[in-house]
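Asks: This is what each chain is made of:
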Amino acid sequence: MAQPLRPVDVTRLEPSGPDAWTLYWKRDFDFRPGQVVALSIFPQGQQRLYSLASASGGEEASVLFNLAPDGWLTPQLQAVRPGHRIYASNPFGSFIGLPGPAVWVANGTGVAPFLSMALSGLTEEKILIQGARVRNQFYGQEVLAPLLGDQYFRCASADTGDGLQPGRLTAFLESRSWPADRPFYLCGSASMIVEARDILIRRGVPFKNILSEVYF
Amino acid sequence: MHSLPPLFGKTLSELRQLATEWDQKPFVGTQIAHGLYQRRVSSISEMTDLSLPLRERLASEFSLGLTPSNKVDASVDGTKKYLFPAAGRFVEAAYIPDVDRKTLCLSSQVGCKMGCLFCMTGKQGFQAHLSVNEILNQVRSLPEGSELTNVVYMGMGEPLDNLENTLKSLEILTAEWGMGFGVQRVTVSSIGLMPALETFFARSRVRFALSLHNPFEDERRQLLPIQNVHALSDILAFLRTIQKTDGRRLSIEYIAFAGVNDTPRHVKELVRILHGIKIRVNLIRFHPIPGTPLAGSDEAALVKMRDALNEKGVPTTIRRSRGQDIYAACGLLSTKALLKPVAEDF
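As they're listed, the protein sequences go chains A and B. Following the working numbering, the numbering of the first sequence begins with 108 at its first residue and continues without gaps. Following the working numbering, the numbering of the second sequence begins with 110 at its first residue and continues without gaps.
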C-alpha cells in the first residue's frame, strides 16, 4: 500500500556535501536504526523512501538526500525551510541495525542507515567501509569518524591523502580477508551492492550473512 | 538510431492531442494509431489515409521509430534470443514458440536496480529505463511479431520501476485501437514494488505474476533486497484484497534453489501465506549464473514440491526450461559483455 502520510514540520535543512542535504523535523515517533520513511511534499502526493539518518532517541528525525535536479521530489525538498510542512509516513522496513559485530558497507547517501545506527550507539564491534569519489563526498564523516575511530574506512576512487584508502571500496573489500561469521550490511546503489556482494561471497562470506538495501 | 522522435509508442490520446495541435480533427490521431499499430506500416508514407501534406509534416518531425534487432541466437528447441538497440545500449527479448502459443519475453529496462541474488541482469547494474517505443519495438520489430499470441514482461528490468512507460506500453499493446492483444495474453512479472503495484492494478487489466521465491520474509530478503522495504506480507495482503473486486489471474514465480527454498518447511509456509488467494504457482528451474552461491533444485525436489503444493490445494506447475543453450532462460538475460561499464565511483 502507499504509506499513510501525516504532516511534519521541518526544523532544519543543512548541506551535507556537494549536492547532498540533510532534512530534519521534530521526531514524534519511535523507530529502529536502519528503518525508512516515505516522504512527500503533499498529503496525497507521490512518495519516495528515505532511510532515517538520525539517532533513534534524538529530538529530531532526519533523512539524507542527493539533489536530483530533474527529480520530482528532491528539488522541492531542497527548497523547504524551517517551519515548512512536509508529509512523512511512520517508519518501516527490516534493514535494522543490531548490537554485536557487523561490517557496514555504503556508497553515496547509502550511508544514512549507518549514520542512524552509529548515532544510536550501535558502534561496538562495527566496521564501516564507505566509498566515494573525493573526500567531500563522504557524507556524515564528521560524525562517523569520532564514533568509529580506526574502524572507519573511507575509500576514495579519485582522491588521496587525509587518511583516505586509495581506490574503490570494492578494491578494499578484495584486499582484505573477512570473517565469514558476521553480518554484512550493504546499502547504496545497485551496482555497488551487486559487486560488493559478489566479492564477499567469493571470499567465503555466506550469502545468508549479507543483508542489502538498494537505493533507487 | 533515429534522430527524430518516434511516432511508434504514442498512445491514442497523445496522437489525438498531436492532431489537435496541428489543427487537424482528433480522428486523425485515430487514423495514425490505426496505421502504426493495426496496419503495421513500415513508413509514414504508407499512411495513405492521411493527406499528403500531413504525411510530409509527420515525416519531417517524426521517425516511425522501428528499430530492427541486430543479433539473434537460436536454440535447438526453437527459442530465439534477440538483441535490440535501446536507450543507446542493448536489451534482449526471448521468442519462445510452443505447440499452442508463441510468446515473447520482453525487457522493460536496460539492467536493473533491484539487485536480486540470483539474477544475471542485476549483475550489470541499472543502465536506463526503456521508453514506450523501446518496449513495444521488441514486439513490433520481432521477425515473428505478427505470429505472437502472448507477451510477458519477464525479461531484463523491473517493469514496475518503469511504471509509466510500462503502463503506456500495456495500453497500446492491449487496446482495440492498438496492437489488440487480449489482456489475458499479457503478463507483467514483478518483485512487488509498492505503491506502484496499486497503480498497476488500477490502470491495467493484464495478468500479474509475483516473483516470490521464498515464503519466509527473513529468508526472502537474502535473495531479494527489496523485501527490506516492501514486505511480502503487505504485497499478499494487497493481492488478497484486490482479488475480491478484480477477477484477473494471478500467479507466483518461484525459482527453486536446492536446500534454500525447496524444503517441506517452505511448502508448508507457502500454503499458509497463500491461503485465501486464488493463485497459481510456477516452479522454475534455476540455471546457475557466474559466481552464484545458489544451486538449482534437482528434478526430484521440484516434482516433490509441486505435488505437495497441489495436494494442499495450491495449483502448481513446473515451468519447462527453454533456450538454455543460448542463455535465454529465466534469470539469464544479460548483455553485460556488450555494455560499457557503468561510470560509478564507489
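Keep in mind the hints are simulated off the structure, nothing from the lab. Backbone N, C-alpha and C fix where the C-beta goes; we use that ideal spot for every residue, glycine too. Be a bit skeptical, because a hint or two may be false.
What the simulated footprint calls covered on chain A by chain B, stretch by stretch (three residues with Cβ under 8 Å from a Cβ of chain B suffice, anywhere in the stretch; the number is not a length) [claimed, not checked]: (1) 170-178; (2) 191-202; (3) 306-313.
Take a look, some chain B residues computed to stay more than 12 Å from chain A by CB distance [claimed, not checked]: (4) THR129; (5) ARG198; (6) THR212; (7) LYS232; (8) HIS396; (9) ALA410; (10) ASP454.
Asks: A separate judgement is required for each hint: does it hold in the structure or not?
Replies: For each hint, the structure was consulted:
Only when three residues or more bring their CB closer than 8 Å to a CB of chain B does the claim for the region 170-178 of chain A stand; here the count is 0, and the claim is violated. A count of 4 residues in the region 191-202 of chain A with a Cβ less than 8 Å from any Cβ of chain B is obtained; the coverage claim is therefore met, three being the minimum. Check result for the region 306-313 of chain A against chain B: holds, 3 residues qualifying (beta carbon to beta carbon below 8 Å, three or more required). No Cβ of chain A approaches the Cβ of B/THR129 within 12 Å, the least distance being about 27 Å, so the stated non-interface status holds.
With a minimum CB-CB distance of about 14 Å to chain A, B/ARG198 clears the 12 Å threshold, and the non-interface call stands. Every C-beta of chain A lies more than 12 Å from that of B/THR212, the closest at about 28 Å, which supports listing it as non-interface. Non-interface status of B/LYS232 relative to chain A is broken: a Cβ of that chain comes within 12 Å, the nearest being about 6 Å off. Listed as a non-interface residue, B/HIS396 keeps its Cβ farther than 12 Å from every Cβ of chain A; the least gap is roughly 18 Å.
Separation of B/ALA410 from chain A is adequate, the least Cβ-Cβ distance of about 19 Å exceeding the 12 Å criterion. With 12 Å as the threshold on Cβ separation, the claim that B/ASP454 sits away from chain A is violated: the shortest Cβ distance comes to roughly 4 Å.
Violated hints, listed in ascending order, are 1, 7 and 10; each of the other numbered hints is respected by the structure.
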